[in-house]
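J.: Following the hints, put chain B in place on chain A, whose structure we already have.
Here's the letter readout for the chains.
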Amino acid sequence: MQDKKSISRKDFLKIGVSCAAATLASGILDVKKAVAKEEPVSKDTGVDLSNLPAEIAQNNQLIRMQNELARALKKPLKERKWSMVLDLRKCIGCSACTIGCKSENVLPPGVVYRPVVDEEFGIYPKVSRRFTPRPCMQCEKPPCTPVCPVKATYKRADGVVVVDYDRCIGCRYCITACPYNARTADFGEEYTQGTPKVQDYELRPTFEYRKKWPRKRGKSPIGNARKCHFCIHRIEIGLLPACVTTCIGGATYFGDANDKNSLVADLIARPNITSLKGELGTRPKVYYIWG
Amino acid sequence: MKESSGSLKALLKKRISRKKFLKMSGATGAGALLGFGMMKDFGLMKDALASAGTREVNYDLNKADNIINSVCLQCNTGCGIKVKILDGLAVKIDGNPYSPWTMWPHIPYKSLLSDSSVIDGHICPKGQSGIQTLYDPYRIRKVLKRLGKRGENKWAAISFEQAVQEIVNGGKLFANVAGEGNRNVEGLKDIWVLRDPKVFKEMAKDVKEIWHIKEKDKKQKKIEEFKEKYKEHMDKMIDPNHPDFGPKNNQLLWIHGRLKSGRSEFFKRFIQDSFGSTNFHGHTTVCQGSLYFTGKAMSDQFDFDEKDKKAKWGGGKKFYWQGDLSGAEYVIFVGASAFEANYGPPYRSHKITEGVVSGRMKYAVVDPRFSKLAAKADKWMPVKPGTEGALALAMIRWIVENGKYDLKYLSNANKAAAKGDKEPTWTNACWLVKVKDGKPGEFLRASDIGMLKTPKTKTLQDGTVVEYEFDNFVCYSNGQPVLFDPNNAETAAEGELLVDTEINGIKVKSALEIIRAESYKHSIKEWADICGLEEEDIIAVSSEFTSHGKRACADIHRGVSQHTNGFYNVLAWYTLNLLIGNFDWVGGMSQASTYDNVGEKEGKPYDLTKLHPKKISSFGISIIRHDVKYEETTIFNGYPAKRPWFPMASDIYQEILPSAGDAYPYSIKALIMYMGSPGYSLPAGQTQIEVLADVNKIPLVIASDITVGESSMYADYIIPDLSYLERWEFQGSHPSVIWKVQPVRQPTVAPIPEEIEVFGEKIPISLEAFFLKVAELMNMPGFGKKAFKDAGDLNRPEDFYLKMVANVAFGDEKDGSKSVADASDEEMEIFLKARRHLPKSVFDLEKWQAAVSPEYRKKVVYVLNRGGRFDDFGAAFDGKQLKNKYGKQINMYIEKLAKAKNSISGKGFSSIATHLPIADSQGNIIEDEKDGFSLNLITYREMAQCKSRTISNYWLLSLLPENFILLNSLDAQRLGLRNGDSVRVISKTNPAGEWDLKGAGKKPMIGRLKVIEGIRPGVTAFSLGHGHWAYGSRDIFIDGRRVIADKRRGTGIHANAAMRLDPYLKNVCLQDLVGASVAFYDTNVNLVKV
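Order-wise, the sequence lines are chains A and B. When we follow this note's numbering, the leftmost residue of the first sequence carries the number 1, and every step to the right adds one. When we follow this note's numbering, the leftmost residue of the second sequence carries the number 1, and every step to the right adds one.
Bound-form chain A, shown alone (with noise of 0.2 Å):
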């Protein structure tokens, strides 16, 4: 899979470590204070859209799981299993997830939260092509987590795999720990440099965990390790990932796996379903039709 940024072993050592070796020895780590705390349920109850026609409910895919999601939202946190399925019959190898994502977490070069492989199979005339859109895989038992050494990344209680920017010190240990390649460095680059000027739109603050993060050098996310987070920032308001809601092929669903009533529910019930590397025990909430 062609999904990682292609940090060097000599880059980082040079940068990575040697920040991550001053942060420890200095001593301002407080572990304490690092372990992860229960999130507070979220006031928020999601969107109300029964303006909108039955039917429209019924047969848009897109409102049916917004209406999922706003009956998560009542639910404790603890209660919800957010989980995505991938329906590969239907991904068409388009990336607007991938640019999607990118446009709405502000990532920066070799920062990629989703994207998406394209392989071809078989002799001519004989050929076929696999598209696989690769976000983070939400493991119940992540192999990226136990690695931080300030418990900067964590599973939520709704399952979802976070980073806390405040504390992230950039070691990267996670990145290597993560056998899907779903985590990427933040460098702290730009599209338009080297351009007659930096672009404001790049700089924007990202809404990602529900605060914003504007890019200045020196703060986070900049330096961070980053990752697909199911856009929770969307979710707890209402609104679906971005990476679902632009997907021209109706290929992503979402929701709550622990409601048996909804769409992705019945679809990981389906004997279609697969995840990827299974055999590692990571047990990932995002799950695969592969035909």
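None of these hints come from the bench; they were simulated from the model. Check each hint, because a few of them may be wrong.
Label pairs and their in silico Cβ distance ranges [as the list claims (entries may be wrong)]:
hint, chain 1, residue 1, chain 2, residue 2, range
1, A, Thr274, B, Gln849, 28 to 38 Å
2, A, Val117, B, Asp65, 49 to 59 Å
3, B, Asp1035, A, Val117, 33 to 43 Å
4, A, Arg283, B, Arg978, 35 to 45 Å
5, A, Lys151, B, Lys110, 49 to 59 Å
6, A, Asn59, B, Lys907, 52 to 62 Å
7, A, Arg71, B, Glu600, 43 to 53 Å
8, A, Arg71, B, Lys110, 19 to 29 Å
Ideal Cβ placement from N, Cα and C applies to all residues, glycine included.
T.: Then chain B, alone, in the frame of chain A:
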């Protein structure tokens, strides 16, 4: 990840160059580029910092106050977009949920803004990246004037006022450029010479009379009479001996790329209605001209013509059909890549993926490349390029042989018969054609077989009643001729389909019989061999195509039309669709349907075609010689003509500049080029550059562009334009969209170009501003005070466009019964809040109010709040039929072609579907493979680029940093090439394999090879959009200072320059002389390792 190209080392290097650059750019006071620090302070960072770090901040992007719904133009699909604005900056684009393009099913039109603001529709990566087109650091803010030779990229940033003064008045404008010291340039005021609309009208009438005279002497006599009659105007004619060239006004040439309604009417108002030039030409033939012009020929109706006072063929629409994918059960996509292009992925993809997964639909893909669409197909047919028509004929043969056509539908000869079967359309399949010496010609008429003509009356629009005689057409039933009028809705006429007989000694055949015979020229096996396909696959596809009733269709696009035989390929595939009678049926062929914004329909608020105080009807042969018969003109000089004439087409892009270069039929004095890049987009684009770069060929070149582009870099002046996110337009629709719609593009953010003053108003520079200023300086009617007669002034773009929005809001019923609702008070407030960041130069409430009458204002707001007008989901269906019907006759036999002549060969054309070999303008078959050019070059579209204008989108570049030359592994082996090799593309007419960019030197045509299995051996392909030589990829100089190029924008290959030149015309690519398409896929090349 492809992103990995940005290594740390590279990053550090970039930082340094940026620092250096900032130092330099700070010193440039001109502020000519967006990057040059003159941009408004949006106050963004202040606000952002203030709220940083606080918990639970508000997510601002789901509030209606921060959203303006508009229309994308990153490609021409026209998806509805939702532009999300943060502190005045466009930061995120999503799909507009009101638009059927970007949500399926879309939400009802009456849905509240509070609902739509929290529902994001789907949109492709190009759509998402639109803010990078808007905020491109290489955008220009000021007028650039050429300081060096054309193409040298040395510019001066000058004031708008100075630029317009110079363009209007002319003079020695480039005295300081070497070699141009004494070159006097005629300004627009010297070209706008004939100004009296009455004289235009009279002259046009007299020219028509000259054309209708056949005898040479009499024609000459009439010309002399013309010269005498208009002797006081002879100094205003291009050539008094050729009155049909028209006045000198025609020497102002307009050429456009992407132009949609609204802007189209505004610019025509200037060029045609006020300036009086006939030369207003578009780019259709580079896209899919032969698709449009086959559609035009097939939609011609034989009906009473008010001008000529007789029944004749006419009224054909320049349009085409696509399949309705929402209801189809079987689709054959031919040269159409619905997941990557094809108008367009956001609208079409969902319907295909849902159809396939639910089991509703299966499809085949006919394409030499294994496209993303092919990845989900039931069958991939890697056809040999240029033989698409042969495949259709094979299928026609199978269908006729097996009697699988829709007999009932095809037997209907006229409207009444169709009505009887509840069919919205009918064909001329059973009409009898006279056959002479084995050649099918004109239709048999009643008078041919001694029958009387039918007396008829017609009430004209002005109320007068005209009596005329109608010579009926004839079909054949039970051994008897049946006479009919195709438009008769009461007396049904039905005929047999395969007729080959004699009536009163005249040899006749039915149209379908002629087509049958054509398809029987080869066995299916022989056709399969021509196409390079398997016979069994053709049979399987034919069988499936005819097994779903009307819920099947062949959906065709560029791969069918962009060949020298494009017209007939399209005709063959549309004939196939006619055989199953699927037009206007759910799952069959559909046409586009739009709300009228121009106001021509009865009862509309503003008829913008009439609101002009002194409207000229321009006349004369156009520079592309279209819509006129060569033989009738005053420059008819036997065959071959110097350049081709086009009786069936218009907007013949490739012919515009080379014709101006050859001064045939006359020379051009000034050119205005808008949102198009002929040098980049056309096959053999170097021939276009050759003309653009030569000051002796076109003395004055004005380009409108948002940056210095591949073609605008050859201009004398570049007028900065507004991007699609800062301006107005009415996008219209595409045939596959089954709802009646009118998406409205509107200003969403503060404009980048600098503010100027015209007619006392402060507005941003744009092409509208340019025309307004020219009109102001020349005191030209149609602009400024009383420009709309009693409906007010035209001082600002919105004076024009808001009237069009009112027309859309009003609907198309004359009593206004289809008007939209008034915006509620709450919606009025949201409308204002969502525009709080716009400067007065684009949004001044009082000025907007002044543009439309009070009764329409709240309706205008209702439409603008929704980004246009869209019918509700259910409104597209009428049982098993589509609601928005074409509803007329469709020709499979084109009688006009039976009478037309090829202006180069002097021979006739085929009037039915046929397979022609790939040939040059003289009809000689192109066989460059015999000279060792073994690979057939084709192009395709990657989702991550769109031809000439998206290379500035860095997000898209992160998906596809460079493009590739695709090659099958068998060919790679044969040629000793390996994956990743750099290769040069050479062809018979470009053996050096390079772009000759004139003033900008030469650029080798070298790209990287990608060896794959998913392409037909013997075919090689590159995707369009890379290989730039301008658009920020090349250093330019403004006021002596260097603007450093961004090398990321110059990666990959653009191999159009390898495409074959026509050996007779020499300075243009191969083209279809009927449908006028350029040939994108008819060149053989070689790949040479470098």
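J.: Quick check on a hinted range of 35 to 45 Å for Arg283/A and Arg978/B, using CB atoms only.
T.: Because 42 Å falls inside the window, the suggested range holds.
J.: For the hint 49 to 59 Å, verify it against the beta carbon of Lys151/A and that of Lys110/B.
T.: Roughly 51 Å apart at Cβ, these two residues keep to the hinted range, so it holds.
J.: Is the hinted range of 49 to 59 Å satisfied by the C-beta distance from Val117/A to Asp65/B?
T.: violated, 39 Å
J.: Quick check on a hinted range of 33 to 43 Å for Asp1035/B and Val117/A, using CB atoms only.
T.: Check passed, 37 Å falls within 33 to 43 Å.
J.: A range of 43 to 53 Å was offered for this pair. Does it hold for the Cβ distance of Arg71/A and Glu600/B?
T.: holds, 50 Å
J.: Falls inside 28 to 38 Å, the C-beta gap from Thr274/A to Gln849/B?
T.: violated, 60 Å
J.: Return holds or violated for the Cβ distance of Arg71/A and Lys110/B against the range 19 to 29 Å.
T.: Roughly 25 Å apart at Cβ, these two residues keep to the hinted range, so it holds.
J.: Is the hinted range of 52 to 62 Å satisfied by the C-beta distance from Asn59/A to Lys907/B?
T.: holds, 55 Å
Against the hints set out earlier in the document, violations occur for numbers 1 and 2.
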